[in-house]
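Colleague: Here is what each chain is made of, one letter per residue.
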Amino acid sequence: MTSTQWAALSIILLLVGVALGYLFAPTTTVTVTQTKTVGQAGQAGTTTVTVTKTISPEGKKIKAAFIYVGPIGDIGWTYAHHQAKEMVDKKYDWLETTHVESVAPADAAGVIEQLISQGYDVIFTTSFDFMDPTLEEAKKHPDKIFWHCAGYKRAPNMGTYFADFYQIYYLNGLMAGALSKTKKIGYVAAHLIPEVVRHINAFALGVKEVCADCKVYVREIGAWYDPTKARQAAESLISEGVDVLAFTEDSPAVVQVAQEHYQKGERVLAFGHYSPMEKFGKDVCVSGQLVHWEKIYDDILSKIYAGSYSTDNLEDVDYWWKLKEGSVELGCTFNQPINPKFVNELKSVKVQETVQLPNGTILENPDVYTLVMARLIQMGAIWTGSKWIYANDETFDPFTGPIYDNNGNLKVLPGQRIGHDELWSMQWWVENVVGPPLGG
Amino acid sequence: MRIRAVRRLEVSKRNLVTVRILSVIVALLTASLVFLAYGLNPLEVYRSIFLNAFATEIGLTESVVRMIPLLLVSSGLALVFRTGFWNIGAEGQLLAGAMASYLLAVELPELSPLILLPALFAVGFVAGAIWGIPPAVLKAKLNVNEVISTLMLYYVLYWVFQHLIHGPWKAREKVGKLTYGGFAHTEVIPEHSQLPLLPGTRIHWPTLIIAVVASVLVYFLLTRTPWGYEMRVVGSNPDAAKAAGISYLKAVTLAMMVSGGLAGLAGVGELCGIQKRFTPEFLSGYGFSGIITAWLGGTNPISLIITNFLYGGLLVGGEYIMITYRLPIGVVDMFNGIILFFVLAGEFFIKYELRREK
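Protein chains in written order, with the numbering used here: chain G, -4 to 435; chain R, 3 to 360.
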């Protein structure tokens, strides 16, 4: 099967290609130096500012590219980033975007090189595993702007961002604790990395607040997207008596399992994850976690356009956005924090505690529905009954001590909060979690 | 009247070239339908894919980056396929090589690169070779189907690997004043264990040189040595080989050691040259793609190098289609699939001719 012809043919094709390449080479952009004289209000005299920029004939435009780890059709992580990207793209006419899906970490740097060679000057890499290649490319191209999602490495031209769910998981936990009859609650986890551990712990703290003797049982499936394994894990938890399920996995499989059990006359409830999953479990999806990456993308890109973010001031820029910024939302579908089917049941369960709202109102022994709404207000997202309003302060955090780990050690002193850095490397379970051992 | 495929007694060079050109043209015509369906001019798409993958600096160097592991894997596979043994588990052998070099890389102190780099490649080769031996022995002694055993050994190692990076090999990484632990990735291998790159590119040139040399050595081994002769006889006529006293076990085990070892070298290159640490998504399928390029390229080193380079270009071109035309990954995979399908199908017409019978 060997042949020098095959070789010769390919070389000829190659040469033809190279020739064509030079023939049809794209036109380059123009670099101009502008000298502006700027008068300052209320000041005598003027300042002269010299700006050198590369402009395309149409005027100032930002070309932003998004690198996705999965396929857009995953109905989970990548889908949510893509929806957000499309929204921001439509909103601004100065913005041009593109995306590359299903990129392996090994190819990320190569894809970034291609994007840069095609004139993209803002690169978003939307997976933790792209951290090192993104940093490498940021160092190699100091004149481009990079944003990495979910990581912890930054550079003067590389910022980080993340929309965190832990407050939402806590609120879901409050509801789970009220709705479980068996006092066994299940959690199907993708990978037990600090982010997921933090979410499970927040969920378990919510459960414990409402139901002191409820336990949260954790199953790790070892994949971000694996509907088959998620389904198996959910079934195995149900067979052990679990009647409420929450999860981290990029498919609606767990919600579907709950719905199937419901249709067989066995009440199993679930919380949706990442995208609206109500249609997969209309009778069982109580609430869940929803994301609005567009809030973050909008903020970042507008600030780049306005010039406040550039290639030399991102070293300390880390978006860690939660409820009060509107980057995450409580609910199994948008604009409905709690499925109306469960509101009455939640209103019938009272919690023995006192809650003080930011405006001074004191709630004595609220029911769980009222408690959830009160906690939302305390965390800066107010549900008016038809829309969300945001306040810029937090007067409550789920990770406030005393918190014990599941070996009985006091991890957080009474009244203290766990800080960002500790939440970002969390490797222990709160007391009511039954989960696999975590390596330090 | 019916049509019958008859094996050609002699493959003419003219036929070879005509069939290959025709299959590429038919493939491009078929794939055009997909681009037309998306409202794109196929000629424009092809022109830009081609220009980007082979006529720009980024495209060329990235195609070479993808070619390096493919060439190593497919050189070994082309050899072992000649013995009639179907090694489907090169991905596992690649992983074995990468894991062994990781263990060495994080342990070794800073030595001269003249000692360090050969040592990394040596352990990678040995580990890949060891992971390749059991299927050969099982087939020779117990007649265990090698398609199953090679593939299953890949899965075994894959899950061991996943366990290690989610557990014992998990890194604690210091960034500034903070230490981050618990994430599913390993330590970054120390700088002195990382392979040198051609300036401005991602081409880890030591692996590139090794890959080219390996493809030549495989050809030499197969055509100029008694071991190669035995491998060819075992592959073309096992009964005759047995009658002539050629050991099937020896021939196939040797071929699998070379094949596994070369895949292991590809793993060393991917870890120490490209990724520098393990993440859950370390593998990107070179061990499987290498099966196709080995089949297309055969054992001739020139044809292997070109086939793998073009395949690398196809991968880079796929990314280009996504970036420029914002086409979904499904279309890109379909495009690559159509090209490979027709090129592979064309091989049939090189070996067989169709005759009409009454």
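Don't read these hints as lab results, they were simulated from the structure. Glycine included, each C-beta is placed from N, C-alpha and C at the ideal position. Just to be clear, a hint being listed does not mean it is correct.
Unchecked claim - Listed next, the in silico PhoX-like pairs over lysine-lysine satisfying Cα-Cα at most 25 angstroms (straight line): (1) 176(R) x 148(G); (2) 290(G) x 336(G); (3) 176(G) x 342(G); (4) 176(R) x 135(G).
To be verified - Covered, in the sense of this in silico footprint (three residues per stretch, anywhere, with C-beta under 8 angstroms from a C-beta of chain G), are these stretches of chain R: (5) 207 to 218; (6) 254 to 266.
Colleague: Each hint should be assessed against the structure and marked as holding or not.
Modeller: Do the hints match the structure? See the list:
1. 176(R) x 148(G): 10 angstroms, holds
2. 290(G) x 336(G): Answer violated: residue 290(G) to residue 336(G) is near 30 angstroms, above 25 angstroms.
3. 176(G) x 342(G): 16 angstroms, holds
4. 176(R) x 135(G): Roughly 22 angstroms separates the two Cα atoms, so the pair holds.
5. 207 to 218: violated (count 0)
6. 254 to 266: Since three or more residues must qualify, the claim that chain G covers the stretch 254 to 266 of chain R is violated, with 0 doing so at under 8 angstroms.
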